[in-house]
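Chains as they are written, first to last, in full-length UniProt numbering: chain A, 1 to 368; chain B, 1 to 368; chain C, 1 to 368; chain D, 1 to 368.
Please keep in mind that the hints were generated in silico from the structure rather than gathered at the bench.
Each hint should be verified, as a subset may be incorrect.
Because identical chains share one entry, a pair is satisfied inside a single copy or across any pair of copies.
Claimed, not checked - Within a straight-line C-alpha distance of at most 20 angstroms, the following computed EDC-like cross-link-like pairs (lysine to aspartate or glutamate) qualify:
| hint | residue 1 | residue 2 |
| --- | --- | --- |
| 1 | 170 | 301 |
| 2 | 36 | 328 |
| 3 | 170 | 285 |
Number of protein chains: 4
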Amino acid sequence: MRNIGIGIVGGGYMGKAHSVAMASVGAVFGTSLRPKLEMIAATTPESAERYRATYGFARCTADWRVLVNDPLIEAVVIAAPQELHREIALAAFALGKPVLCEKPLGASLADATAMTEAAEASGVTNMVGFNYIRTPASQYARHLVASGEIGRVVWFRGEHTEDFDADATKPASWRNFGMANGTMGDLSPHMVNAALALIGPIQSLVADIETVHPTRPGPTGPVAVTNDDQAQFLCRFTGGAMGHLSFSRVATGRKMGYAYEITGTTGAIRFDQEDQNALWLYKSEGPAAQRGFRKILTGPDHPDYLPFCQGPGHGTGYQDQIIIEAHDFLTAIATGKPVWPTFRDGLSVMQVIDAAHRSHSTRQWVTL
Amino acid sequence: MRNIGIGIVGGGYMGKAHSVAMASVGAVFGTSLRPKLEMIAATTPESAERYRATYGFARCTADWRVLVNDPLIEAVVIAAPQELHREIALAAFALGKPVLCEKPLGASLADATAMTEAAEASGVTNMVGFNYIRTPASQYARHLVASGEIGRVVWFRGEHTEDFDADATKPASWRNFGMANGTMGDLSPHMVNAALALIGPIQSLVADIETVHPTRPGPTGPVAVTNDDQAQFLCRFTGGAMGHLSFSRVATGRKMGYAYEITGTTGAIRFDQEDQNALWLYKSEGPAAQRGFRKILTGPDHPDYLPFCQGPGHGTGYQDQIIIEAHDFLTAIATGKPVWPTFRDGLSVMQVIDAAHRSHSTRQWVTL
Amino acid sequence: MRNIGIGIVGGGYMGKAHSVAMASVGAVFGTSLRPKLEMIAATTPESAERYRATYGFARCTADWRVLVNDPLIEAVVIAAPQELHREIALAAFALGKPVLCEKPLGASLADATAMTEAAEASGVTNMVGFNYIRTPASQYARHLVASGEIGRVVWFRGEHTEDFDADATKPASWRNFGMANGTMGDLSPHMVNAALALIGPIQSLVADIETVHPTRPGPTGPVAVTNDDQAQFLCRFTGGAMGHLSFSRVATGRKMGYAYEITGTTGAIRFDQEDQNALWLYKSEGPAAQRGFRKILTGPDHPDYLPFCQGPGHGTGYQDQIIIEAHDFLTAIATGKPVWPTFRDGLSVMQVIDAAHRSHSTRQWVTL
Amino acid sequence: MRNIGIGIVGGGYMGKAHSVAMASVGAVFGTSLRPKLEMIAATTPESAERYRATYGFARCTADWRVLVNDPLIEAVVIAAPQELHREIALAAFALGKPVLCEKPLGASLADATAMTEAAEASGVTNMVGFNYIRTPASQYARHLVASGEIGRVVWFRGEHTEDFDADATKPASWRNFGMANGTMGDLSPHMVNAALALIGPIQSLVADIETVHPTRPGPTGPVAVTNDDQAQFLCRFTGGAMGHLSFSRVATGRKMGYAYEITGTTGAIRFDQEDQNALWLYKSEGPAAQRGFRKILTGPDHPDYLPFCQGPGHGTGYQDQIIIEAHDFLTAIATGKPVWPTFRDGLSVMQVIDAAHRSHSTRQWVTL
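Next comes chain A alone, as it looks inside the complex (with noise of 0.2 angstroms):
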């Protein structure tokens, strides 16, 4: 067991989550590696300073080359705006720091193309956060498939939806400017990611997207909504299976809807994560008269629950699936063995992303 300087670039939202997660996995896991909270960055030194505090870093910065610089830090957890995860993460590869950034991978193709190579020549150990697939139940929904219990996967689909945009009324803010902050941009990542993740590559789609309010009040009268609302894919699979995506933050009642159904010849998943703690499955034996999606309350027996509970159902939560996240990170710097999923995972998600626009754009279908 030995320490190991933490340094996160952001604290808001995702910079508090990872910040608790490094805080508590050692316990949580037992872990060979502890995170010590060596340094968190921020934009100015102010709300640097009261992220250190808060968390409970030992120091800050408003410089994230600072951080990344900085011969205490021995990994780097990235939770900074889009628009800097490339020039942070190439930055600590070239030192050959780990890094563990947020999706999505980058704010374009070409950095998140640029990034994933940056992480292969340094060979360092490289993670994106996905967080939601890391949940028991959909760690075992995988677990599922690839063993071939449900059989030959003919049929998914997923979708990822919210409502905090539902609202017409509800003034602009930052998430209505720009592609990297739409719907396409911000939540269909995850859900791209569990459908690579669950199925296997994607061949081809056809994609459609739209802004359902294309203008929202700002300080001085109505603003133009610059990306969308929500969207929209039929696609086939590599491996045959038909598919359907779609994603939205317009979809009123919803509140986080990251779901999915997988049918296969002999059986059949369904998901959501509004019961995250439950998975529900469908095997095509025994007597007909007893058969039933049953709902299996994750517990000790599905992967990753046992550390936060011993008991079945007693259930875990989103902080937890980024405790699981920080423990995969930390096992694969440990251990050099490989951690899923990678800034090549990362970029394979961009893709599909970007054959969506692209077939949006021509209104055709795109191979990838």
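Given the structure of chain A, go ahead and fit chains B, C and D onto it with the hints provided.
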């Protein structure tokens, strides 16, 4: 109150359902027209006699023309194979007899067009048997959308999914041959009709259609399946909503997956025929802490429930949908008032299905 | 196949349900005995004629004795007020006519006892109308328990809860007077019957019974409610299982809360009439990671579903339960074979209810 | 912001949970008191050292007295066997040190009484670890009831059911011996506490308690189980509501069945810990046709959710409940303000449990 002589062509699945409905509707709804089960037609004298005796008809025939021409027959229900719909309907309309025809309206778009023209020329009551939309829950959903209770509709997702052909080792049956018997021909009409009724006309779509199990066991070896197992399309409605519809007979675990979700700007609706006595409604009103999808159990406050039971939550079932249909049919005949859905509505459904086939063939978006 | 002349005493809620059932059962089940709606009796000539015309009976009467004595009446359905059950039933049995009597069997334990003795002395078919236990789901639940699929039963919890009297400002009605119309008298019989059918006889119990709203608005001011709004009891079954039953007409939000859960040593069952087409089954078998309550949708593989529909998950409703009842009644008459539940079974239910009243009065455990 | 030295007695299931909570609570809630994991006590030097290293404590001991007496220990968390609670708590209070004690408060009513007296005499913060009531959903349920949102409560049903001992062939463990480890001793306190918190004091009850599997396999043959497997009681609350509580460790299929339903005169609430991020609320308001239980997903609008996540529906889990507990404990220490639940509350729970045992022994209603 007076009797009306009913003739039903076909004594199988739907022929039975309509026979029971005609025997019950008077007592259930207290209709002014009282169906007299005058004659049933089937393919052979033996089967016709068996149906007559079992369902309680006065007479029977193995020739549907005899039935249509019989002077005591005042209204005709067509529950025969799709290939016969056109000829029977035209014969009835020629005699000025009202027709209730099972879905899909015709075996082809040409048939459906001819039937609609004949129906409208005759001026008599004409109606298509889309029974699922008759549940009190779905009728109430239509009311909610039409009255603006959920604001402007921005998203519709509908599916009709079952799993009767999920097992690849199941021997081929009549269902596996002919476009009219595939998923698009046989299952999609119900949900396309629901989409049109709930949201309005479809403007454009892009579809993907697939035969998942291309061969099935036949009497002397594998035989080729000639129609589709699953299908889906993206669409835009004329009113602006984005939509997705999917259909499957290989949806392992799904028994009666006639389900839809409707997102409006101020509310949302969810429905699944597998729990047909519940309608889920979300409204963006009241304290945020108290918002959520509410599970409304159908009861006397919802359309056409009360005649079946005075107590809410006591539930209606499949057969009751056909009784409601019979009630509407008889009421239209008695009053001369419009009925829904007419042959024109059934034709609109077939136009959408035709467009989907064209889209699939050309791999292009199709405008209706 | 031959006709049987049916007489129904009562044309209200249940009288209508039985009329519709008798009009439908032949076509639905293809019964050998075909009900002929011969005569209906009501309290006045006017109401009797109205029921006759609406439900399609040949004749009517304002004197139930005329109906019972009519030579064309071969079987009697009692859907009259409880106070009349005894006299009508005894008259019918005296003439050797089979009787289907609505629940509760009698207005008092004495009535029920006399009726049961008369029924058994007559030797003809006698049956009590506990319709809810007739759903395919509950019939299958009985089968599962009886065949040992969930092991030895150790726990049963049942409730029959509705909310039609939850509103304290609702004016008093006939339901608020007389023990037979209170929660224990009117609602509990269904669930007590279910408990006895599913688990077996009750050995001992301790009860608590309450009038939540002691007065209600009357025509000229508050009137005193003379029966109970909610009640519950703990019990032990003869077979050893521990049990709890509760009943309420003030269960805000509950519309048809006929619900039970059964725990066995190797499995468990859950059912709620508000979703009457689903049965939840848990089995302690297979990998622990894949165990969960499965939601079984009723279908052709479950008792008495197939005559209503060939497709699973398409659903049966309230009226269908009465049709199933009619089928069993007719079959027993036609074959002379035993039917369930008999008057003896109805008497057992009333003995439990009587014991609960005694327990409440004495605040003691009561042994049956 | 200042540090506070925390000592935890016990390193097992709950000792770990409290350790993780103390490591996280500062960053999660931004507390003014920052826990320093000063010392952990276990039964042997080896286990103590193992816990110390794993959970990140500065020091450890195999003698809890060393921990309590250590000058750097400013607050004590008791996660040791129940038999030790009294002695440890009294030692801490004697030194004026705040105590957070796991449930049940004491191994006996006498212990709990002595502990409560000592706590109140000391005047320092004292708290019992009823974690399940800490979920945002249950906290909000308390708020709804207390603020009259569902009117006057007329019915409460609560259960705490699990199935870890459902299998009769499972070898005997420490859980099968001693009243404090049976269902009443170990599981009931959580739900009794919930009942008291949600509804108020219990006035009278009648209970039934049972050992379903009287023997279990031991190392050399069957051994007698000396405590209970399931139990239930009827009760009346001081405020007039009728109640039922049940507890089981043999509830096949139930994993975390901490569930309750509350019926008020104008609304109702339902909750099940197996889906801890949802609260079901029914309100008798608005059009009858639109009423139904709504599924509220917890979010930033519900108590103590926001510190874990800014997005609604993202979910909290088991560990988060302990963090909320830690937050309340630290806040009370920092501010001197009252905390809930105190030792007095824990004592009230034990008085109810004691009354249930007496009722079972005497087969009588017992008044508290």
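Using 20 angstroms as the alpha-carbon threshold, which applies to residue 36 and residue 328: within, between, both, or neither?
-> The answer is within: 16 angstroms in one copy meets 20 angstroms, while 26 angstroms across copies does not.
Between copies, within a copy, both or neither: which fits residue 170 and residue 301 at Cα up to 20 angstroms?
-> between (44 angstroms within a copy, 18 angstroms between copies)
Between residue 170 and residue 285, at a C-alpha cutoff of 20 angstroms, which is it: within one copy, between copies, both, or neither?
-> For residue 170 and residue 285, only the inter-copy Cα distance (15 angstroms) is at most 20 angstroms; the intra-copy one is 50 angstroms.
The structure shown violates none of the earlier numbered hints.
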